[in-house]
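Undergrad: Line by line, the protein sequences give chains A and B. The first sequence maps to residues 1 to 414 in the numbering used here. The second sequence maps to residues 415 to 828 in the numbering used here.
Hint data in this document are derived by calculation from the structure and do not stem from the laboratory. Source: prediction; values computed, not measured. Virtual Cβ for every residue (Gly too), placed ideally from N, Cα, C. A couple of the hints might just be wrong.
Claimed, not checked - Covered stretches of chain B, as calculated for chain A (at least 3 residues, CB under 8 Å):
1. 478-486
2. 497-504
Unchecked claim - Heads up, simulated DSS-like pairs for lysine-lysine below, C-alpha to C-alpha not over 30 Å straight-line:
3. B:K557 to A:K158
4. B:K557 to A:K90
5. B:K568 to B:K463
2 protein chains.
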Amino acid sequence: MSEFENTFETNLQKYAELAVKVGVNIQQGQTLVINAPIEASDFVHKVTKTAYQAGAKNVHVEWNDETLTLLKFQHAPDEAFTAFPTWKAKGFEEMAEDDAAFLTIHASNPDLLKEVDPKKVATANKTRAKAMYTFSTYIKSSKVSWSIVSVPTKDWAKKIFPDVSEKARIEKLWQSIFSITRVDQDDPVHAWHQHLETLKSKVEYMNDKKFAKLHYSGPGTDLSIELPQGHVWLGGGEKSQNGVFTVPNMPTEEIFTMPHKDGVNGTVKSTKPLNYSGNLIDEFQLTFKDGKVVDFDAEQGYNILKDLLDTDEGARRLGEVALVPHSSPISQSGLIFYNTLYDENASSHLALGATYPNCIEGGTKMDKEDLAQKGGNDSLIHVDFMMGSAEMNVDGETLDGQRIALMRNGEWVI
Amino acid sequence: MSEFENTFETNLQKYAELAVKVGVNIQQGQTLVINAPIEASDFVHKVTKTAYQAGAKNVHVEWNDETLTLLKFQHAPDEAFTAFPTWKAKGFEEMAEDDAAFLTIHASNPDLLKEVDPKKVATANKTRAKAMYTFSTYIKSSKVSWSIVSVPTKDWAKKIFPDVSEKARIEKLWQSIFSITRVDQDDPVHAWHQHLETLKSKVEYMNDKKFAKLHYSGPGTDLSIELPQGHVWLGGGEKSQNGVFTVPNMPTEEIFTMPHKDGVNGTVKSTKPLNYSGNLIDEFQLTFKDGKVVDFDAEQGYNILKDLLDTDEGARRLGEVALVPHSSPISQSGLIFYNTLYDENASSHLALGATYPNCIEGGTKMDKEDLAQKGGNDSLIHVDFMMGSAEMNVDGETLDGQRIALMRNGEWVI
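All chains, please: the whole structure from these sequences, using the hints.
TA: This is the structure:
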């Protein structure tokens, strides 16, 4: 038995506890809904048992399976992509309204749909996003507790470590995940609480400054982003509307807030490939004028990016701005994960599409119109992309026009 | 590579085609709903691709996982067993109303719940049956196309072949399944059509005779069953209400009809163990008076049987009577499958609970009251149990009191 195998079961259990007790922070009598690939069944079983032991009333698992997704794109008629089971969308809404917590186990093959017509994929994504819109607002406004974690799957591990055996690459990916999520430390829960304190100090600094704008400069990037009045920086964990403190992303190294949907100008260049819906978009740049993407290009996945930007009016505007130091543990691993949960926490990033209402004072109580009036963007999509690097400088500009250095060469200087 | 491995992929594909083209007989533009254990994913993928190629508009898979079922029984609070997601039940109803076809891949561990309090299991079953009642009436009245097939799972194979390795027992079970379902024949679809003709000749004989009663005698069994006026024998395949010819069980060796719910008298002894909801009930007998079970006993699973009979008023009455010759291919395998789909087709059997409305003239158009008035039983349950053997004799009694030998020593004599 290898050293990895020796400690694997212990680490898997610690990881399950982290997801249940820190991630969604399950409460007595709550239902836990798990979205997971069937390949992750071993981990799902550990999470399920842990959740019951922590007091969950019920654990409901919605399994997914990328092979079925691919078979559908390969063989189903076009009409299949314009329909989504409304009863399933209603089910998610009902579980959310009943205060369930939602844990997503995210692990996707970055190349799954690379042979599929991008138009078909775009149609399917839009159909799904429309059907799940109400539920997605529950998530984005933290009406419910939710968290996302990843586990290795064969296809994902192969993309990161193509040159080793299947067994070795799964082990290597588990080791990376255990290290980055602090599972390999003696007391991961304690380590996480310490980490959250560090993020909190950055959040407090930024909220104290109430910057009017951020300025980014780096290779291919020269961008200014207006922050709306009353914007709120968040990072690490947050309270859901039910008062429970959760950590929605594990790992998380970012602090983030709401950009003004009409106040983005300049050009930004991506620094890592983006795995979007079974395809990679790489080496791309976006030019903004008054908040809107007016020009774009991509070396890989141009059509995917085009369809993404054409989803709706809000898809060409920003909904999130996030700062991550280049020295984050994920960045230090030297790996590209082709998984936004990991890559976005190795790099400062932005998101196209809908904003998080809790990133502005009183936002979770605002309707769509009020939020838009304050500068909050709405869209069927919310897609993060990485643009930070060791060459990135970021300044904050105060209301009275003073510029303060926030990051130099990718690192915090505050 | 073993001979088994050599032909396995071919046989798996032939089996998938049988399920899709003969079982549910998928039609152009129809949705196929597959209920399957996550362990059966390889077969599900083959079925899915085959269904699309045969013209399915969409394939929707509802995965299940017995480990989650067991964890819930072991760890969830009692209140979890009195709730069932109504949105999911509605979803099944909606898909049925939209003329989807339903394929169930049945493979369960017969000992899954043997350590669990039977009361809890009974509560969970009743809760589920109540929520799914409308959908189950769609199935029982063949409003939709449906079919059940089985594939090996580790736990199920272990129960049948405890003394060989895991790999060997899975292979042995596949070989049995391929043989019994005629998959190992050159043209399984043709072989099935021949087989269905044989069953049809028995069905026609019985429908021609319009027997008033059946009399069973064998070790521990002395039973008479009244058949209602207008009863219809079915067997092999049948037309769903949408006019599509389907084969609801694969394998199927039975011909069956509706008993009169008030016309069963005497005692019947089981001849094979019954796998009911993760538990075995074995060596049991039931005594009927005017259709109702008034006494019962069981060497194994007494409490499970008791809870089953106590589900509702109709659970103590019969809903199906089925004749299977003892020389059926399943019987000849010499195996006990601990899986009713297989065991019931090795043996004449009866079912406690709800009847099939298409087993009486005009039944699918009758409401519950009309059906009851004709002698059709209603219940939340429908549980088949095996009572045929090489020692079983069956006579038919005509309306004018004449007795005709139907089976002697378990074999047809007509």
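Undergrad: Hints first: check each against the structure and report whether it holds.
TA: Now for the hints, and whether the structure bears them out:
With 5 residues carrying a beta carbon less than 8 Å from a beta carbon of chain A, the segment 478-486 of chain B meets the three-residue requirement, and the given coverage holds. A count of 5 residues in the segment 497-504 of chain B with a Cβ less than 8 Å from any Cβ of chain A is obtained; the coverage claim is therefore met, three being the minimum. Restraint check: the Cα-Cα separation between K557 of chain B and K158 of chain A comes to about 46 Å, which exceeds 30 Å; the hinted pair is violated. The hinted pair formed by K557 of chain B and K90 of chain A meets the criterion: a straight-line CA distance of about 25 Å does not exceed 30 Å.
Proposed proximity of K568 of chain B and K463 of chain B is supported: the alpha carbons are some 24 Å apart, at most 30 Å.
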